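Residue numbers (my numbering), protein chains in the order written: chain A, 1 to 348; chain B, 1 to 305; chain C, 1 to 517.
Misleading hints may appear alongside valid ones.
Computed footprint of chain C on chain A, listed as stretches where at least three residues anywhere in the stretch have a Cβ under 8 Å from a Cβ of chain C [said to hold, decoys possible]: (1) 139-146; (2) 207-214.
Partial selection, computed: residues in chain A whose CB lies under 8 Å from chain B [said to hold, decoys possible]: (3) S29; (4) V33; (5) V317; (6) G321.
Chain A is nowhere near these chain C residues, computed Cβ spacing over 12 Å in every case [to be verified]: (7) H72; (8) Y123; (9) G321; (10) R346; (11) D356; (12) E360; (13) P414; (14) E431.
Since the hints were made in silico from the structure, they are not lab data. Given the structure is predicted, the values throughout are model-derived calculations rather than measurements. We treat Cβ as the ideally placed atom computed from N, Cα and C, and that holds for glycine.
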Amino acid sequence: MTGGLQRVASTILLVGVSFLLTALILWVSGYRVGDVFSGVIQGSMTATGAATSSIRWAIPLLLIGMGVVIGFRAGFFNIGGQGQFYVGACSALVVTLGWRGGPAPLVVLCGTLAAVIAGLTWSLLPGYLRVRFGTDEVLTTLMMSFIGALVLQYLTAGPLRNPSGTGQTAASERIPEAFRITDSSGVSATVLLLVGGVAVLVWLLLERTRFGLAMTLVGRNPTMARWQGVDVRRVGLVNFALSGALAGLAGAVELYGPAGRLVTGFSPEVGFTAVVVALVGLLSVGGTVVAAVFFGGLQSAILFLPIVTDLPPPALVLLHGMVAFLVTVKFRAVRLRRTGPASEAPTG
Amino acid sequence: MEQILATTLRSAAPLVLVATAGVFAFRAGIFHLGLEGLMITGAFTTVAVAEATGSVELGILAAIGVCMALSAVYWWVIGPLGANVIIAGLGLTSIGLGGTAFALGAIFDRRGSLFTDVVLPRPVSGITSGPGVIVSEHSILVWLTPLIVLAAWVVLRRSRFGLRLAAAGEYPFAARTAGVNPSIMRLQALLIAGALCALGGAELSVGALHNFTENMTNGRGFIAFVAVIFGAWHPIGAAFAGLFFGFADAIGIQSQINITERVPREFVLMIPFVLTIFAVWLGGLWRRRSLEAEAGYAELREPDY
Amino acid sequence: MTVPSSPASAGVPAVRCRSLGVSFGSVRALHRVSLDLAPGRIHALVGQNGAGKTTLAKVLGGLQAPDTGDVHIAGREIPPGDVRAARAAGLAMVHQHFSLPPSFTVAEALELTAARPGGRPLYRRNELHRRWRDDVAEIGGEAVLSTRIRDLPVETRQSLEIVRAMAADARILMLDEPTALLTPAAIDALFERLRRLREDGVTILVVLHKLREVAAVADTVSVLRDGELVLGPNEMSEVSQGRLSDAIVGPASQADRAVGVEAAPGAEQQTLLELARVSSRASAFEPGLGGIDLSVEAGEIVGIAGVEGNGQRSLVSVIAGLNAVTEGSVLLGGTDVTRAPPARRRRRGLRLVPFDRNSEGISRRAPLWLNQSALRLIGRRRRRLPLISLRQYKRQAATEMDQWRVRYDAVTQPAESLSGGNVQRLILSRELAPGLQVLVAAQPTRGLDFSATSFVRRSLRGLRDAGAGVLLVSSDLDELFELSDRVLVIYGGRIVAGFEAPYERRAVGDAMTGARR
Chain A
1 MTGGLQRVAS TILLVGVSFL LTALILWVSG YRVGDVFSGV IQGSMTATGA
51 ATSSIRWAIP LLLIGMGVVI GFRAGFFNIG GQGQFYVGAC SALVVTLGWR
101 GGPAPLVVLC GTLAAVIAGL TWSLLPGYLR VRFGTDEVLT TLMMSFIGAL
151 VLQYLTAGPL RNPSGTGQTA ASERIPEAFR ITDSSGVSAT VLLLVGGVAV
201 LVWLLLERTR FGLAMTLVGR NPTMARWQGV DVRRVGLVNF ALSGALAGLA
251 GAVELYGPAG RLVTGFSPEV GFTAVVVALV GLLSVGGTVV AAVFFGGLQS
301 AILFLPIVTD LPPPALVLLH GMVAFLVTVK FRAVRLRRTG PASEAPTG
Chain B
1 MEQILATTLR SAAPLVLVAT AGVFAFRAGI FHLGLEGLMI TGAFTTVAVA
51 EATGSVELGI LAAIGVCMAL SAVYWWVIGP LGANVIIAGL GLTSIGLGGT
101 AFALGAIFDR RGSLFTDVVL PRPVSGITSG PGVIVSEHSI LVWLTPLIVL
151 AAWVVLRRSR FGLRLAAAGE YPFAARTAGV NPSIMRLQAL LIAGALCALG
201 GAELSVGALH NFTENMTNGR GFIAFVAVIF GAWHPIGAAF AGLFFGFADA
251 IGIQSQINIT ERVPREFVLM IPFVLTIFAV WLGGLWRRRS LEAEAGYAEL
301 REPDY
Chain C
1 MTVPSSPASA GVPAVRCRSL GVSFGSVRAL HRVSLDLAPG RIHALVGQNG
51 AGKTTLAKVL GGLQAPDTGD VHIAGREIPP GDVRAARAAG LAMVHQHFSL
101 PPSFTVAEAL ELTAARPGGR PLYRRNELHR RWRDDVAEIG GEAVLSTRIR
151 DLPVETRQSL EIVRAMAADA RILMLDEPTA LLTPAAIDAL FERLRRLRED
201 GVTILVVLHK LREVAAVADT VSVLRDGELV LGPNEMSEVS QGRLSDAIVG
251 PASQADRAVG VEAAPGAEQQ TLLELARVSS RASAFEPGLG GIDLSVEAGE
301 IVGIAGVEGN GQRSLVSVIA GLNAVTEGSV LLGGTDVTRA PPARRRRRGL
351 RLVPFDRNSE GISRRAPLWL NQSALRLIGR RRRRLPLISL RQYKRQAATE
401 MDQWRVRYDA VTQPAESLSG GNVQRLILSR ELAPGLQVLV AAQPTRGLDF
451 SATSFVRRSL RGLRDAGAGV LLVSSDLDEL FELSDRVLVI YGGRIVAGFE
501 APYERRAVGD AMTGARR
């Protein structure tokens, strides 16, 4: 397992380098890095409510990130988590506001189901184009993401807008308190059980079922998988469906949990951050849990930071960009640069 | 109608410039998702330097320099360091979007946007009626765009440099056989792409408008990327695809003014993205045939990044 | 510029290298190789897979910098890894893989890859055509210049590679396994071409696989084994076939025993595989099938001969269920599977050795155990719980790979770390597992060295003796004649002739080229 350890070490190193580079930029821009650092520690762990807040931000990252892990396992760059997350949240909102009087558990269940189906649909369209026509999924999932953001904007600014709202960004009505599964902290036993259960199920699916192994085979070499009798199209469709379902579920959890209403363009970076989380988590379920908590902590801290410094929130986007930019660097490539076996054409 | 055509040219120019950048990257075999980040970096740097020095030329030069430097780093990361092209590209985009928004706050102590009076010259202006409206009020960069596209065509399709670039992208083994280092060709393509992205960003901020706004590119880098695919990796094709997306944008802007009452604005704004999905789908169908014919080569293609 | 150099001056070897060494990580590709090649002759270089032939060719051509040693071409020292310098010294290379980009036109490809002076940075189309018109006279004239490389037939591509190599008036031509993709007729034409070049005073170094081809064309022969030069260059007349074989295989290598093959012979059903008037659509490479009738009985090997690209791929894909049948029916063990998905056919005992080991047979980046277990992923579910034990999978994979003597360190290592022969053993260990009824083996020995080839052939024979049916698709007539009980010839997507032993080489060849219907 030295290969595995090496990958963990190199990922930690690369994330560290990304943080150093970002710190360097902050320092050059005249911020006191020490203050920012202690602010991050406070805002993610030590301040009152900070740890809870870290978990609260980790939950959507974890759910969407696991979808990304599933996608990458079969070789798909399903990077449209943002849009799937939005349409999930929107569907749950529509169901909930449309059935205000219903019994709370049933409404929440239906709303969650609607969210899962919506996220799944949003992901299946690019998935279908991919497996049926070979349409590149990187761009289509990205475009579906933009469209999902507009759907949210339309609903929150249009039909579901809270008419008494006064903020400059449009927001929907609040859902009745009875339907919330957490208080505004966003963390409760229900949510933790749900997310933990989902993580275990995803792990079992990927690592302990024949379908999961078939996914790996498709991800590594679809041609060979086809020759071996694996139904590559079915694997692809199920894969996209699962990714989307998880992102949709994240949307429902967000609505019934901490948010209670939807605001135009909320959590705009969560989809991309989830990709970063999955990559930092080495595309494994366990690693993704750790990475999600870590990046959830950063998210929590950046919201806390204006209290201690005047650091603009886009600094976090910059940091995420840095990590994404560097996290896939392969050290092996550096070492063998001169005479890699890759420079020898494959012989039979 | 004249107004729509004028808006089309204005919307299309940055798209076409960035699409041309994308063609260079694509020809060299790079699926460049960092175009958006480079574009916004170009827009910001131009405004920032122009505002600081009072010279728009200096602003554009600085933008070209910054974008080329970022492109070189991107090359270093995906080439010698072996990072994933797509993920690093998306990372570059986030660095651009986050970095410019951060710098806006950190350097200018502003949130949202930064205005400037230093803008690009407009060779023809002041025409308010008749067909002349179409060509009026465009910055010099809009006028230069067709020349740039033509130059790109000559370089890519009628020069030995273009042959080497295409070989490096399509079949690195062939390039090496011809004594060409594919990695260096990719660097050159990325540098050219960086410069073109800087121009596209500059047109957006000091050509069509007078300001830099956070996230002002608003997905244009990605749409330009799609124009590349829609235009079959060909500079002229990509330019026409860019023009078409500019037209769709213009209609969107017009209908925002005219028919917002009946059609929600969001649905109009969705049009480019929906069209984009169609374009990728159709472009993929079109390209698949040629890919199938090349499938015999696929196994010989070296994973060379 | 002061020293007048005449490349072919007597006494100066055309190619001389001294103690070349190249390592890839821990793998020693070349070790202390020193070689002198006399000008104006055809030199053959032979050796098993992985013996270092391609690496040596690359080092000589400047595509690979050696760790130690130096290379002199026509008396001039070549800086390590400098393609242009090697070329300037008069050396040209034809690679094992085609070196022309598929989307380029012939003119563009020549302009890119041939080092002909006088090219300006910018060009016009007809200017290019003027530049290259004379060079392509032999392969179709000016019309071919605007054809895209990917649209050219394989033979023309090969010829074009030589045209490209000779365009800069090369005095030394190196060819790395040029015969791998060619038909017997095209190989003869190629050798004729080489002899003509020799008459013009060109020195030729050709890497070959088959001793028959070496005997047909070479003046001298050299043998590489495990990265070392163990023989030569010797005049062909001085070395016996037997000594050559010994040098290639080496003294320590003993022949494998055939591995016992379990097959479940169809007791009641004698016809294991049957195709009745099967047609399919053409692909980009190949004609579709045009009403193929074919049956494989229990306990026989049916050979399919044919020039590559005549529907072999379509045939195997149709049997595997990867290509749709437009007409006719496919029966496996008497059951109609015409519309059945690949998985169901596999479960019915259809096993496949695909054309391309590395892209279709294995997943290079997946671990060995997963490659070995692939068929178990689609097997019918026996237990109620969908969960599996990875440890059990790995143990079973290890057991089966050991049984087939796959050489590996750990079941978790990626399959790309195996050599060609070992990859084929891995595939056989998977496909020849119990439950086999019919094996469709496509080019099962292509590119394998001598010992691996004979191992695969023994395994196929063992399979037949155990009562299974084998459909053997091969472009190697010797192999087909050696193994098959019957040989069918496929031409243009149809079976045009059938033969039984003793085979008449000429007649089969005529049927393959369409000379006889």
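Query raised in the report: Would the hint on G321 of chain A stand, with a C-beta cut-off of 8 Å toward chain B?
Result: Holds, about 3 Å.
Query raised in the report: Are 3 or more residues of the region 139-146 of chain A near chain C, judged by a Cβ distance of less than 8 Å?
Result: Contact hint for the region 139-146 of chain A vs chain C: violated, 0 residues under 8 Å.
Query raised in the report: Is the interface hint for V33 of chain A satisfied, with its Cβ closer than 8 Å to some Cβ of chain B?
Result: With a closest approach of 13 Å, the V33 of chain A hint is violated.
**Report entry** Beyond 12 Å from each Cβ of chain A, as asserted for E431 of chain C
**Finding:** 10 Å, violated
Requested in this report: With 12 Å as the threshold, tell me whether H72 of chain C passes as away from chain A on beta-carbon distances.
Outcome: At roughly 22 Å from the nearest Cβ of chain A, H72 of chain C sits farther out than 12 Å, so the non-interface label holds.
Report task. With chain B as the partner, please determine if V317 of chain A meets the hint condition of a C-beta pair closer than 8 Å. Result -> 3 Å, holds
Query - Reported absence of Y123 of chain C from the contact zone with chain A (all CB gaps over 12 Å) - result: Answer for Y123 of chain C: holds, closest chain A Cβ roughly 29 Å.
Query raised in the report: Can we confirm that no CB of chain A comes within 12 Å of the CB of P414 of chain C?
Result: 9 Å, violated
Query raised in the report: When the nearest CB of chain B is found for S29 of chain A, is that gap smaller than 8 Å?
Result: OK, holds: S29 of chain A within 8 Å of chain B, min 4 Å.
Requested in this report: Confirm or reject the statement that R346 of chain C sits farther than 12 Å, beta carbon to beta carbon, from all of chain A.
Outcome: It is violated; R346 of chain C is separated from chain A by about 4 Å at its closest Cβ, not greater than 12 Å.
Requested in this report: Verify that the Cβ of D356 of chain C lies farther than 12 Å from every Cβ atom of chain A, and report whether the claim holds or is violated.
Outcome: 9 Å, violated
Report task. Test coverage of the region 207-214 of chain A by chain C using CB-CB distances below 8 Å; three residues minimum. Result -> Check passed, 7 qualifying residues.
In terms of the numbered hints stated before, the structure departs from hints 1, 4, 9, 10, 11, 12, 13, 14, listed from lowest to highest.
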